[in-house]
Amino acid sequence: MRAALASRDGRLWLGVGAFCLLCFLLAPRVVWIGEYPDALVIPFASWITTGMSAFVDSFRWLFRALAALVDVPLVGVRTALQATPWLVVMVLACALAWRARGPGLALLTACALGYMVVTGYWVQSMNTLALVVVSVPLSVAVGFGMGVAAAYSERVNRIVQPTLDFMQTIPAFAYLIPILFLFGFGPAVGLIASAIYAAPPMVRNTILGLRSVPAGVRESGVMSGCTPRQGFWQVEVPTALPQIMVGVNQTTMAALSMVIIAAIIGGFDDIGWEVLSTMRKAQFGQSLLAGLVIALLAIVLDRISFGLARNRFAGETPDERAARRQRTWATAVALALGALLLAMLFPVFDDYPRDLRVYPAGQLNEAVNWFLRHYSGAMDALKNTVLFFGMLPFRIGLNQAVSPFTWGFALEPWMTAAYGVAAAALFLWLLWRGRAGGALAVALVAVLLWWGTTGLPWPVVIAAATALGFQTGGLRTAGFVAASLIFVLVNGLWEPLMLSVYLCGIAVAISFAIGGALGVWAAHNDGVSAFLRPINDTLQTMPQFVLLIPALMLFKVGEFTALLAIISYAIVPPVRYVEHALRNLPQGTVEAARQMGCTPWQILTQVKLPLALPGIMLGLNQTIMYALSMLVIAALVGTQGLGQQVYLALSQADMGMGVVTGLSMALLAMTADRILQAASRRHQEKLAVGTAAPA
Amino acid sequence: MTVPFRFTRRAAAALVGAALIAPGAQAAELGATEDPIRLALVEWTGQHLTTRIIGSTLEEMGYDVEYVSVGYLVSGAAAADGDVHATLEVWDNNLGDLFPQLLEEGRLENLGDVGLDAGEGWMYPSHVAEMCPGLPSWEAVQDCAQEFATAETFPQGRFLSYPADWSNRSEVLIEGEDLNYKAVPSGSEGALVAELKAAAETDSPLLMMFWAPHWVLSEVDVEWVDMPQEIREEYSITKPGVFKAVWPGLKDKWPAAYEVIAAAKITNEIQEPLMARIDRDGEDTEAVVAEWMAANEDVWRPWIETATN
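Which chain is which? The protein sequence lines are A and B, in order.
Residue numbering for the first sequence follows this note's numbering, beginning at 433 and increasing consecutively.
Residue numbering for the second sequence follows this note's numbering, beginning at 10 and increasing consecutively.
Bear in mind the hints are in silico, worked out from the structure with no lab data behind them.
It cannot be assumed that every hint is accurate.
[To be verified] Some chain B residues well away from chain A (every beta-carbon gap over 12 Å; in silico):
1. G40
2. D122
3. G143
4. L188
5. W224
6. I240
7. G250
8. D261
9. A271
10. N277
11. E300
12. W301
13. D307
[Stated by the list, open to error] Okay, the calculated beta carbon distance ranges per label pair:
14. W665(A) x P109(B): 23 to 31 Å
15. F163(B) x T482(A): 28 to 36 Å
16. E43(B) x E752(A): 38 to 46 Å
17. V181(B) x R590(A): 44 to 52 Å
18. F163(B) x R908(A): 42 to 50 Å
19. E927(A) x V181(B): 35 to 43 Å
20. V780(A) x D122(B): 44 to 52 Å
21. P109(B) x A962(A): 49 to 57 Å
22. G250(B) x L876(A): 50 to 58 Å
[Claimed, not checked] Partner residues aside, some chain A positions facing chain B, computed with beta carbon under 7 Å:
23. S709
24. F837
25. F841
26. I981
27. V1069
Where is the CB? At the ideal position from N, CA and C, for every residue including glycine.
Let the sequences and hints guide you as you build the complete structure.
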């Protein structure tokens, strides 16, 4: 115990503890400790507005030209898709799906497109498809290039990593106004916003894939006489392809999830616009039917791109390939011509009549109402329980959350004392047992739970976070953490920041726990995996607005509804990444453990999970990013954090404030990410030492 | 709407005369008919009706009209740049800062009232009157705070207010008048509507800020609180104005269209029944407008006549 206290970390935390104690004692007397004074807010936002206005005025012509350039393929694809009868588009899509993976996928494609036809959303669907068809290749190409550069150069990587974090976490709403002023009104703005947002997963997965190519594989390429270029394209890229394809998949999903944001600008009559309009009317049935189109498009695009990349005809000889290609093309052309003929003979195959529409929105709304009438009491009780016992303590702390109305009793002084004694006892016991990390965690959680995220004085938060950064990642991380938090502080956004920390913190913890467990299960069971995949795709691409409507009706405006919305989105990355990491472990190690007689549980906890840690940590990183990106959507149901600030900026057309708020959200994400990544690295180093020692 | 007979006849004669004798003169008045006039369609049905009725009138005159779906706040910026040429239903209770700024800089032109008789205030679904029989009086609102209390707001009553980025007038009022309510900002129009629908469905208490005309009011029975005039004025919960904003170049490029847009008046009596048919009965907006145009020539024809006279 004495050793723990005397170590470098021990002395650091003793100092931090003393500092925090001082802050707590002084907070009631010195106002500026409890609340950062408005007079000291630095007007970065207005400086940015001034600077940006000047920039926009002088470079507008350049960006307008770029927008016009992007518009060309967009309008081309859109016009082509619109002019072609739906039956022809469907036949061609099915032929492509058949080529990619076979009759099953062709059937799925037919059903998905058929859904768009009979619900009467065909035109909007094709406009959305045009947007995605242009933006995804753009994101994939840029993302792959950036990924390759960063994978081979540490210096590039050091610039790329934070850029990615910014691209993914600055909410699109925050830069919508600047790019609107730059690029002018039109679909190009949505396209560019979506390309910015969708590229990072491609970069990240390319880096991870290329860096995980085993040295042996790379060497075997060199040994067999490959030039560096051949080695790259014929050895490394194919080896990294599974990981890179995860990137393509995630980029497609991200592009489709941006469809809805792009629709805020409008000008394209796409399906996102449809969802937005119905969301505004709180028409659940209508918005679900429209939202499903986006999810279906995502699923079909994803499966086809996956199938094509895997190339199920890889084993054939050149002659066979030529013959097959000829056959495929002949069949496709014949089918398309047949479909065209049908469409010309029967207009129903060209322009689906509105009278034949199948549109069960009314029934869906009635179902929600039925549920509401029968279960609103039970749902209310559920909400209150979670709110009182789970969320309030984190926000305002136990010292305020415990009241006769919430917990059924008032907080007596002896309870306060008991809480303090229990926490101190646990802390000392862990320290005595030599588990300094556990003791520290107990101390931090005890303080946090007592005062809540919004009740902690700002110097305490900054000191503790900086110390945590120092302990895990050294001086550099500590500096980053301190600088980020101080940036938010001096911009006067401390209060919204802590509200966001509270909401996202809970959401990330819940999402990662549940999602991680599901991911482990899916990794060991193909049935579960196949079952979860379309659900994940739907959750990730179905506009969140859609799920907000029934959640709002059941749980009303407030933080609980927001929490559900965030979790429903942030739960997807842990499932995907954990499953992927566990499924792609070196088989030899796992096999060796099995032969040594390890139980499945031991194999999982002591072999698989530690080995899969880099992939799992990437999943945690993405969970945090996703949760933060949902803050803006959560603001639509009345939360007060940084997300709401973004809307305030948007409604005031305040470029500077939008950017500053967006930056604050990005910095929050990066702070959490840096600390976690550093902790993971430390853990891995320890593991490496541990495995090296016996040898 | 009745139109003086003489006025109509003279205008019609002028039209016929212009068409017969001097097609060139009329073309000059219409302006650049070869270029489409682009009208913004924003997020709500009422605006679609306003826009499509005025747009159909322009088409009757021989203009080529294009409809562009665009976000409400963005429509101001789009009209200032001439990317769209008019956004025809701008509510001054939900302007943001962009509209006033553009209007002030002269990059957007205000072409006068739409003609809607808009209202705004505190309201509740009708069943709430049973929980608080004194309603709709202002005193009852103060006395019944307990009826509206929820877990999050206890011991105060819960008041659902506008999204924080629209306005905080209700918050200021509650604080200024020391009412025993806690205002919960709703975050979006969808959230306001969803809560209203849910409250009506489950007979639960709800007191909220809202405006009219709004399509949901044809679906849910509501009543408005009798807010004293001096309180309305003090916290500026007054009648919202609804105006038509156009691209400043419109006047020179399409002079007659400019006059028609200025003259057009879309009233609650026009909007409300059509809105109910579209949002409640699921009819198609274009079809509903076409039918209305055919049946109500006496309403829109005079706009053209004022313009070309």
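Going down the list of hints, with the structure as the test:
Here G40(B) stays apart from chain A, with its beta-carbon at least about 22 Å from theirs, past the 12 Å limit. Taking the minimum C-beta to C-beta distance to chain A, about 23 Å, the non-interface status of D122(B) holds against the 12 Å cut. Distance check on G143(B): its Cβ is at least 24 Å (rounded) from any Cβ of chain A, clearing the 12 Å threshold; non-interface status holds. L188(B), annotated as away from the interface, keeps every beta carbon of chain A farther than 12 Å; the closest lies near 19 Å.
The claim that W224(B) lies off the interface is violated: its Cβ sits roughly 7 Å from the closest Cβ of chain A, which falls inside the 12 Å cut-off. The beta carbon of I240(B) is kept farther than 12 Å from every beta carbon of chain A, the shortest such distance being approximately 24 Å. For G250(B), the requirement that its beta carbon stay farther than 12 Å from each beta carbon of chain A is met, with the minimum near 18 Å. Consistency note on D261(B): stated as away from chain A, and its beta-carbon is indeed over 12 Å from all of that chain's, at 21 Å minimum.
For A271(B), the requirement that its beta carbon stay farther than 12 Å from each beta carbon of chain A is met, with the minimum near 24 Å. Separation of N277(B) from chain A is adequate, the least Cβ-Cβ distance of about 19 Å exceeding the 12 Å criterion. Once the 12 Å rule is applied to beta carbons, E300(B) is consistent with being away from chain A; the minimum gap is 15 Å. With a least beta-carbon separation of about 19 Å from chain A, W301(B) lies farther than 12 Å from that chain, consistent with its non-interface assignment.
At roughly 30 Å from the closest C-beta of chain A, the C-beta of D307(B) stays outside 12 Å, upholding its exclusion from the interface. Under the hint 23 to 31 Å, the C-beta atoms of W665(A) and P109(B), about 57 Å apart, miss the expected range. In this structure, F163(B) and T482(A) break the distance hint of 28 to 36 Å, their C-beta atoms being roughly 46 Å apart. The supplied range of 38 to 46 Å is broken by E43(B) and E752(A), whose beta-carbon atoms lie about 57 Å from each other.
In this structure, V181(B) and R590(A) meet the distance hint of 44 to 52 Å, their C-beta atoms being roughly 49 Å apart. At roughly 47 Å, the beta-carbon separation of F163(B) and R908(A) lies within the given 42 to 50 Å, and the hint holds. Checking the proposed 35 to 43 Å range against E927(A) and V181(B) shows it is violated: the Cβ atoms sit about 19 Å from each other. In this structure the supplied range 44 to 52 Å holds for V780(A) paired with D122(B), their Cβ-Cβ distance being about 46 Å.
Under the hint 49 to 57 Å, the C-beta atoms of P109(B) and A962(A), about 55 Å apart, fit the expected range. Under the hint 50 to 58 Å, the C-beta atoms of G250(B) and L876(A), about 54 Å apart, fit the expected range. At its closest, the beta carbon of S709(A) sits 5 Å from a beta carbon of chain B; the interface hint therefore holds under the 7 Å criterion. With a least beta-carbon distance of about 5 Å to chain B, the hint placing F837(A) at the interface is held under the 7 Å criterion.
Against a cut-off of 7 Å between C-beta atoms, the interface hint on F841(A) is violated, since the closest Cβ of chain B lies about 16 Å away. The interface hint given for I981(A) is met, as the beta carbon of that residue sits about 6 Å from the closest beta carbon of chain B, less than 7 Å. Look at V1069(A): its Cβ gets to within about 5 Å of chain B, closer than 7 Å, so that hint holds up.
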